[in-house]
Amino acid sequence: GAVVSQHPSWVICKSGTSVKIECRSLDFQATTMFWYRQFPKQSLMLMATSNEGSKATYEQGVEKDKFLINHASLTLSTLTVTSAHPEDSSFYICSAIAGGARSYNEQFFGPGTRLTVL
Amino acid sequence: QKEVEQNSGPLSVPEGAIASLNCTYSDRVSQSFFWYRQYSGKSPELIMSIYSNGDKEDGRFTAQLNKASQYVSLLIRDSQPSDSATYLCAALTGANNLFFGTGTRLTVIP
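Chains A and B supply the protein sequences, listed in that same order. Under my numbering, the first residue of the first sequence carries the number 191, and numbering increases by one thereafter. Under my numbering, the first residue of the second sequence carries the number 95, and numbering increases by one thereafter.
Calculated from the structure, these hints are not laboratory results. Ideal Cβ positions, reconstructed from N, Cα and C, are used throughout, including at glycine. Fair warning: there could be bad hints in the mix.
With a straight-line Cα cutoff of 20 Å, these simulated PhoX-like cross-link-like pairs (lysine-lysine) come out [as the list claims (entries may be wrong)]:
{"id": "1", "chain 1": "A", "residue 1": "K245", "chain 2": "A", "residue 2": "K256"}
{"id": "2", "chain 1": "B", "residue 1": "K150", "chain 2": "B", "residue 2": "K161"}
{"id": "3", "chain 1": "B", "residue 1": "K96", "chain 2": "A", "residue 2": "K231"}
{"id": "4", "chain 1": "A", "residue 1": "K231", "chain 2": "B", "residue 2": "K136"}
FRET-style restraints, in silico, Cβ to Cβ [claimed, not checked]:
{"id": "5", "chain 1": "B", "residue 1": "P175", "chain 2": "A", "residue 2": "S244", "range": "43 to 49 Å"}
{"id": "6", "chain 1": "A", "residue 1": "L216", "chain 2": "B", "residue 2": "G188", "range": "25 to 31 Å"}
{"id": "7", "chain 1": "B", "residue 1": "A111", "chain 2": "A", "residue 2": "G206", "range": "49 to 55 Å"}
{"id": "8", "chain 1": "A", "residue 1": "S205", "chain 2": "B", "residue 2": "P175", "range": "37 to 43 Å"}
{"id": "9", "chain 1": "B", "residue 1": "N101", "chain 2": "A", "residue 2": "L216", "range": "33 to 39 Å"}
{"id": "10", "chain 1": "A", "residue 1": "E249", "chain 2": "B", "residue 2": "N101", "range": "20 to 26 Å"}
{"id": "11", "chain 1": "B", "residue 1": "N190", "chain 2": "A", "residue 2": "S199", "range": "25 to 31 Å"}
Which residues of chain B face chain A? A partial, calculated answer using Cβ under 8 Å [unchecked claim]:
{"id": "12", "residue": "K136"}
{"id": "13", "residue": "S137"}
{"id": "14", "residue": "S143"}
{"id": "15", "residue": "G195"}
{"id": "16", "residue": "T196"}
Start from the sequences, fold in the hints, and give me the full structure.
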């Protein structure tokens with residue numbers, strides 16, 4: 191199946207700093223990637239949709255200036271949490287839709303990045 | 095009404111029994127539905143996708159879609175302790191965004 195990786199797996203940072211999370215599709219080209227956030231004992235909440243070469247589309251209530259998304263190539267999308275605060279501590283998960291012959295409807299998830307802001 | 099709603103459980107079944115997980119959806123989602131399994135601290139993994147009315151079987155898993163009643167279910171036959179996880183129902187919107195239910199926590203008791 192399609193493989194999506196994330197880096198780092200976990201990160202601890204001080205309040206006020208910025209953290210960058212990478213999402214890579216390893217064996218396919220991802221025209222569209224998604225960023226989700228999951229708080230403990232809650233379901234995944236879609237934050238934004240990232241399309242290669244264009245601006246990300248953010249869900250209602252997600253601050254685009256705080257969560258910067260860049261999808262500069264067909265295999266890499268990055269999420270930067272700027273000026274992180276303790277309430278940003280969460281499990282961030284990316285997913286990707288493969289273009290071409292693969293099912294357009296199926297999203298393949300990365301392993302997630304656990305962010306803890308002190 | 096939320097796009098996708100699930101009974102959050104928890105659901106406990108004995109080993110070898112059938113586990114039944116249910117999900118309802120609103121008119122705001124398309125006709126593509128997915129069941130994901132998520133172990134604690136891990137990201138979701140796709141178990142089944144279903145697009146057409148009726149049943150779809152894959153090994154011990156059967157997904158059922160009823161468009162008239164707007165529900166989708168997942169049956170797990172011969173449940174194993176390793177099936178213990180949170181099961182997430184998801185549906186696509188017209189914009190190809192996935193909306194997830196809150197998840198049902200399943201525990202299979204040996």
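Outcome of the hint check:
no., hint, in the structure
1, K245(A) to K256(A), "15 Å, holds"
2, K150(B) to K161(B), "14 Å, holds"
3, K96(B) to K231(A), "18 Å, holds"
4, K231(A) to K136(B), "12 Å, holds"
5, P175(B) to S244(A): 43 to 49 Å, "46 Å, holds"
6, L216(A) to G188(B): 25 to 31 Å, "29 Å, holds"
7, A111(B) to G206(A): 49 to 55 Å, "51 Å, holds"
8, S205(A) to P175(B): 37 to 43 Å, "41 Å, holds"
9, N101(B) to L216(A): 33 to 39 Å, "36 Å, holds"
10, E249(A) to N101(B): 20 to 26 Å, "25 Å, holds"
11, N190(B) to S199(A): 25 to 31 Å, "27 Å, holds"
12, K136, "7 Å, holds"
13, S137, "4 Å, holds"
14, S143, "6 Å, holds"
15, G195, "6 Å, holds"
16, T196, "5 Å, holds"
Against the hints set out earlier in the document, no violation occurs for any number.
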